[in-house]
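S.K.: Sequence:
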Amino acid sequence: MMHNWDFLHLYVDENGVSRVNPNATKELEAISFAPPAPQMLVSQSMAVQSMVMVELSVGWQGDWHPSPKKQWVICLAGEMGYQSEDGSELVLRAGSYILTTDTYGKGHKSWNAGTTPVQLALIQLDT
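Under the working numbering, the first residue of the sequence shown is numbered 469, with each subsequent residue one higher.
The hints are simulated quantities; they were obtained by calculation from the structure and are not laboratory data.
Worth double-checking, as some hints may not be accurate.
As the list claims (entries may be wrong) - No farther apart than 25 angstroms at their CA atoms in a straight line, the calculated lysine to aspartate or glutamate pairs in the DMTMM-like style are these:
#1 K494 <-> D474
#2 K494 <-> D554
#3 K537 <-> E523
#4 K537 <-> D554
#5 K577 <-> E553
#6 K574 <-> D481
#7 K574 <-> E523
#8 K537 <-> D594
#9 K494 <-> D594
#10 K494 <-> E557
#11 K574 <-> E557
#12 K577 <-> E497
#13 K494 <-> D481
#14 K577 <-> E557
#15 K577 <-> E495
#16 K574 <-> E497
#17 K577 <-> E547
#18 K537 <-> E557
#19 K577 <-> D481
#20 K537 <-> E553
#21 K537 <-> D474
#22 K538 <-> D474
#23 K538 <-> E482
What the hints assert, rightly or not - Simulated restraints, written as ranges between beta carbons of each label pair:
#24 P503 <-> W532: 45 to 51 angstroms
#25 V516 <-> E495: 16 to 22 angstroms
#26 A498 <-> G530: 35 to 41 angstroms
#27 W473 <-> A515: 16 to 22 angstroms
#28 P503 <-> K574: 46 to 52 angstroms
#29 S500 <-> G555: 44 to 50 angstroms
#30 E523 <-> A498: 46 to 52 angstroms
#31 T595 <-> W532: 21 to 27 angstroms
#32 A505 <-> G530: 29 to 35 angstroms
#33 F501 <-> W532: 36 to 42 angstroms
#34 P506 <-> N472: 18 to 24 angstroms
#35 N472 <-> W532: 27 to 33 angstroms
#36 L593 <-> A502: 18 to 24 angstroms
Backbone N, C-alpha and C define an ideal beta-carbon position, used for all residues, glycine too.
Using the sequences provided together with the hints, build the complete structure.
M.R.: Here's what the structure looks like:
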């Protein structure tokens, strides 16, 4: 059994412009991942370089910058805003996530969009 997992993807297009794809997908397959537990839907393995925990204070704002690495950004607490070069804006809230692969070019803006500190887990990929 196959299943698609939907996620947000911040990337650079063929013209060098950062954009958000709100309908990116990864394919999951039902496999015996942790026997004797029942089968579960699992993606292909992704090589990880490191994991970093980040906290951004209320009022924090970043200017245009590329992602330092291809990374999954998982919002653990607070609200994190993003703007890509094409004008797309989005807000991550606790429990939401985005894959950022805009590692060159102008990149994106990001900011604390809420009234409490933002806590993020950054899973930096090896590719």
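S.K.: Against the structure, test the hints numbered earlier, and report the numbers of the ones violated in rising order.
M.R.: Of the numbered hints given earlier, those the structure breaks are 12, 15, 16, 30, 32, listed in rising order.
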